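Chains as they are written, first to last, in my numbering: chain X, 1 to 114; chain P, 1 to 113.
Possibly wrong hints are sitting among the right ones.
[Stated by the list, open to error] Pair ranges (Cβ atoms, derived):
1) 78/P with 51/X: 39 to 47 Å
2) 20/P with 44/X: 40 to 48 Å
3) 78/P with 39/X: 28 to 36 Å
4) 52/P with 12/X: 19 to 27 Å
5) 52/P with 3/X: 30 to 38 Å
6) 18/P with 67/X: 44 to 52 Å
Worth flagging that the hints you see were computed from the coordinates, not collected in a lab. What you are looking at is a predicted structure, and each value in this text was computed from that prediction instead of being measured. Cβ coordinates follow ideal geometry from the N, Cα and C atoms, glycine included.
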Amino acid sequence: KAGVTQTPRYLIKTRGQQVTLSCSPISGHRSVSWYQQTPGQGLQFLFEYFSETQRNKGNFPGRFSGRQFSNSRSEMNVSTLELGDSALYLCASSPLGAGNYGYTFGSGTRLTVV
Amino acid sequence: TQLLEQSPQFLSIQEGENLTVYCNSSSVFSSLQWYRQEPGEGPVLLVTVVTGGEVKKLKRLTFQFGDARKDSSLHITAAQPGDTGLYLCAGPYESGGSYIPTFGRGTSLIVHP
């Protein structure tokens, strides 16, 4: 059973640019969540998608957006990149939502903004 | 304000030692999960505890959920270098009618050979 696949693994972008990250969840998992991980703040929840609909959203500015396709694959987009957006972006999938049972995480995309 | 406070923040020990890390909250959680994250990788789910007072064992790792479901602990017996990593606790936080897992900031463990 394939795990959660995130692409690309590493990315370097310039301030002001935009970036799109991709996540393929475990087959059959309909819930995909995104987290930002930094040394100072730990894991911060960005948003959750379920059956192509955004079900929950964290406290991030509108520059952060996402979507989910009919095959459950998800993308997140960050526009007008800032230096502070440098982080490890993690995608996590679960059958119906993490709820009480936790996630399966991908290996992450390491984004560096210069 | 962190809903889940983890302590200690850092731990550096020798192979063979025992250790305990803690995850505390002022809120009641319906469950708590523990993850381990190695450098450059995503967190890997170790265990979920659901019932107050529950104890679960995973080889040399023992997880306990507090009776009031506000805290949890992870005890490692005879630590090995392979136990090195960031240990994270997480629990579902009710927001807008659904539950979002919220994470503590983690305990970074280094086990020296």
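| request: Please flag the earlier hints that this structure goes against, numbers listed from lowest up. | output: 2, 4
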